[in-house]
Amino acid sequence: MRHFLTTLDYSRDELQGLLDVAARMKAGRHDKTLEGKSIALLFFNPSLRTRTSFELGAHQLGMKAIVLEPGKGAWPIEFEDGGVMDGEPEEHVREVARVLSRYVDAIAVRAFPKFQRWEDDREDKVIRAFAAHATVPVINMETITHPCQELALMLTLQEKLGRTDGKKLLLTWTYHPKPLNTAVANSALIIAAKFGFEVTLLCPTPEYVLDRRYMDAAEEMAQAAGQRITVTHDVEAGYRGAAVVYAKSWGALPYFGRWAEEKPIREAHRHFMVDRQKMELTSGGLFSHCLPVRRNVKVTDEVLDSPQAIHIDEAENRIHVQKALMEALLAGASAGADRAK
Amino acid sequence: MRHFLTTLDYSRDELQGLLDVAARMKAGRHDKTLEGKSIALLFFNPSLRTRTSFELGAHQLGMKAIVLEPGKGAWPIEFEDGGVMDGEPEEHVREVARVLSRYVDAIAVRAFPKFQRWEDDREDKVIRAFAAHATVPVINMETITHPCQELALMLTLQEKLGRTDGKKLLLTWTYHPKPLNTAVANSALIIAAKFGFEVTLLCPTPEYVLDRRYMDAAEEMAQAAGQRITVTHDVEAGYRGAAVVYAKSWGALPYFGRWAEEKPIREAHRHFMVDRQKMELTSGGLFSHCLPVRRNVKVTDEVLDSPQAIHIDEAENRIHVQKALMEALLAGASAGADRAK
Amino acid sequence: MRHFLTTLDYSRDELQGLLDVAARMKAGRHDKTLEGKSIALLFFNPSLRTRTSFELGAHQLGMKAIVLEPGKGAWPIEFEDGGVMDGEPEEHVREVARVLSRYVDAIAVRAFPKFQRWEDDREDKVIRAFAAHATVPVINMETITHPCQELALMLTLQEKLGRTDGKKLLLTWTYHPKPLNTAVANSALIIAAKFGFEVTLLCPTPEYVLDRRYMDAAEEMAQAAGQRITVTHDVEAGYRGAAVVYAKSWGALPYFGRWAEEKPIREAHRHFMVDRQKMELTSGGLFSHCLPVRRNVKVTDEVLDSPQAIHIDEAENRIHVQKALMEALLAGASAGADRAK
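For the record, the sequence lines run as chains E, B and H.
Okay, so the first sequence: first residue is 1 according to UniProt numbering, each after it adds one.
Okay, so the second sequence: first residue is 1 according to UniProt numbering, each after it adds one.
Okay, so the third sequence: first residue is 1 according to UniProt numbering, each after it adds one.
It is possible that part of the hints are untrue.
Given that identical chains are not distinguished, each listed pair holds provided it fits within a single copy or across any two copies.
With a Cα cut of at most 20 Å, we get these calculated SDA-like pairs of lysine to any residue [said to hold, decoys possible]:
| hint | residue 1 | residue 2 |
| --- | --- | --- |
| 1 | K178 | E88 |
| 2 | K263 | V84 |
| 3 | K178 | G83 |
| 4 | K125 | L180 |
| 5 | K26 | N296 |
| 6 | K160 | E88 |
| 7 | K160 | E207 |
| 8 | K160 | R98 |
| 9 | K160 | N296 |
| 10 | K72 | E14 |
| 11 | K72 | N45 |
| 12 | K72 | I265 |
| 13 | K26 | T135 |
| 14 | K178 | G71 |
| 15 | K263 | S283 |
Source of the hints: derived by calculation from the structure; they are not laboratory data.
Please model the complete structure; the sequences and the hints are all you need to start from.
Encoded structure:
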């Protein structure tokens, strides 16, 4: 049994295998290869694409998806071990993960950071706890990385560019009125490095550089592929020659929990918005974004409505890659498998 | 590809065709004529019947329905074009409609008015924006009209009355503690006119007359059918001779956003409640209401529990007409059809 | 047609029949014996296990489950008859139950007490109103009893103990920071008595004894089985010799609506928490709990993670017993059956 918590646990070949299956599923019809199986989708945060693509994708494979919202329709959950549970949570992940493992064949979890202390958030405790206690595969629907989005991005780029090695991908920070999760930025960085892109990270100041875990992993994968990771705060240098511009906003790690102090830096960099002038510096570069995206804040209408924009294709590909993923993880597994233990 | 935003876009013959299919579906078994297809149900407002009848009706046709609640489980959405999105909405309908069109074969939307300015609400921007940007059929689950309710009402009246032409239908305003949507009132007016009823609109004062768009359309359809639309504020005149009494409460259009000023007029007309005495003025008239209905506020228990009340039948018929509608709209379409563009 | 509101309406033989079917379903594959049927799941309160096990169990039988949350996604509902509905509720259970009966083949309801006056709560008005007005079977998903949990508990105990007659079951109150529903306590008491256990109820003071209706019923069933019900406030006496320890927290009935007055009593009995020392007083007793459970408040980690703990098995068994129940209630019924009336 294998979880899907981060692509760092998977080789490029393994991920390419998933992308190849996804491409075949996209081209062909729906085979109900997981008939009779089921998946619980746990949302601690809102979702449109993730929910629709998982619920519908599971259905197309013959599965039943159950959507649960802990703290809203379902009971709030505790994740720390050994404590006296006299606060809000009514039950512990030990019970939740084990019980769900009896009902369903997989558990998918969306759990954003708390945004108080990055040192806490970077431990990714919620999904790690599910993985520790579940007896069925656990899938990351976005925590501090967003590996399903990574697969969708790579499928889309392979569709548009063919082989990706040696091409330049710009990962650019953009303004957003609120500090956001670094998950998609972390994910874009490591998946682009893994697939041989020459990655440039463009952000306002050194404080917006991503967590060392992902920077180091990307550097290591880039070197293995004969490429490199470049960090820049120079907009023109970032865009020049890019084959792909991938935009995302995120909060600077040193300011977690002290957002009032970050606000002036953030506000001073509204001009990082992706626009036509910047895109013209690229080599006819493609534009994408994970969605949701705020128009004329992160990216102009002009870019989003141009033929270079492939964000709708990337969103569509979520369903295809996730179907390939569920098939890979669940072909052999079954709910209640731990009963005999 | 065709949307279903208002019955004003459909001829009487087309609508009768849907009603005939619905009647056959009601009589017979569930044929899975839309196997493998899917629909997204977007609820910006609460629902009991609409949600149950669409989700179950889709399932009976072999489809998968995905329920989304923007602003609750899903991200809040922007509908105005060209603006700088630095407010609450995290994404634009341009992205939402296009992405959903890749996943599902139809998009159904419930979006009530904002109740601040009728001049804004009457533009029906939310569903019009979905229709403009979706590449699959869009279905109105109640905005400023409620066309699915219209079909259910007509199927029920045809079941009970046979041919409807020339019969008198009273559409009566009733008291409700809050100002409500005019959607069902608009809808009852235009569908009754289209199907040849002689329609009387009974309301407290001229300020409760419905929007000119619907009054004019009804008048035109009535004339084409050799009938007429009568507006009255005289309760006895309204009920006398009616074959059908259809009750609904709504807020007066001139008072949108200034509800404190409307309140005294509303409160002074609590006696518009439908009761046995009023029903006795009709020609053995049937009673119906779209639901939800407040007992002993809009209608007495006595009327709702009488054999003349057909509101439960009308509610049941929602599922049959919506199945006929989905079949008509989707028999040829398919998700992702815009991919080649 | 038969409802499933409380196990008091069913004989031991009837319930054993359900358990036998459930055990066969657990051992075997999923037969779609209710293909084409449907069930509405109405949640007035949160749920994890109940929702997952009903929604998935229905699916495994070939049914479609529709999840509704009145007051959240669906309209708030009135349950009192004859009143003027000018408060919050937008519709009456008379309409809701009758309309849903047209759409679906069964209605399941979770409706916790209001916790203001036990004299009101004990009438179980919400589910009784659904049962009175629905024309399809109504299933209790926890109101003031939790009969589905009873079946799951008994299936689990029969799996572990074989024949249960004459064995000692301790039902122990535990501390919880909030006063909770007595439903599961009532249920454990009556189902254990029905299946021939010698039941001991351990609680802090006489004020925590359960409602006379359930105490009397348990006493009567115990006598019929040659057993007895013992109430004690002595922890050691309670645990000694128990074959099963079933833990639950609940609010004392005399303090409903005056919880500040109960708080000191509650706080003074934190030591009722189930721990290893207490479990060692039993005859190698099993431990269970209905979940959700607060670790180190109601029960220690040590007990919950020990081989004696069977709460995960009990949770799993929810799906099996509920499938057996739905099959028993729905094998012959069908939605819209009241149409001809």
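Exercise for review: Pop the pair K26 and N296 into one bin, within, between, both or neither, using alpha-carbon distances up to 20 Å.
Suggested key: neither (32 Å within a copy, 49 Å between copies)
Practice item. Tell me, please, which holds for K178 and E88 at an alpha-carbon limit of 20 Å: within, between, both or neither? Key: Between copies only: 10 Å across chains, 26 Å inside a chain, cut-off 20 Å.
Review point. Using 20 Å as the alpha-carbon threshold, which applies to K178 and G83: within, between, both, or neither?
Key: between (33 Å within a copy, 18 Å between copies)
Check your understanding: Is it within, between, both, or neither for K263 and V84, if the alpha carbons may be no more than 20 Å apart?
Key -> For K263 and V84, only the inter-copy Cα distance (19 Å) is at most 20 Å; the intra-copy one is 37 Å.
Check your understanding: Is it within a copy, between copies, both, or neither that the alpha carbon of K125 lies no farther than 20 Å from that of L180?
Key -> within (19 Å within a copy, 29 Å between copies)
Exercise for review: Go through the copies and call it for K72 and N45: within, between, both or neither, with a Cα cutoff of 20 Å.
Suggested key: both (10 Å within a copy, 10 Å between copies)
Check your understanding: From the Cα coordinates, with 20 Å as the cut-off, is the pair K160 and E207 best called within, between, both, or neither?
Key -> This pair counts as neither: shortest intra-copy Cα distance 33 Å, inter-copy 58 Å.
Check your understanding: From the Cα coordinates, with 20 Å as the cut-off, is the pair K72 and I265 best called within, between, both, or neither?
Key -> Cα proximity of K72 and I265: none, with 35 Å in one copy and 31 Å across.
Check your understanding: Should K160 paired with N296 be assigned to within, between, both, or neither, using CA atoms and 20 Å as the limit?
Key -> neither (25 Å within a copy, 55 Å between copies)
Check your understanding: What label fits K72 with E14 when the C-alpha limit is 20 Å: within, between, both, or neither?
Key -> neither (37 Å within a copy, 36 Å between copies)
Review point. At most 20 Å between C-alpha atoms: does K178 with G71 qualify within a copy, between copies, both, or neither?
Key: Classified as between; 17 Å across copies, 23 Å inside a copy.
**Study point:** Homomeric proximity label, K26 with T135: Cα distance no greater than 20 Å
**Key:** Cα proximity of K26 and T135: across copies only (18 Å, versus 30 Å in one copy).
In summary, the structure is inconsistent with hints 5, 6, 7, 9, 10, 12 and 15 from the numbered list given earlier, while agreeing with the others.
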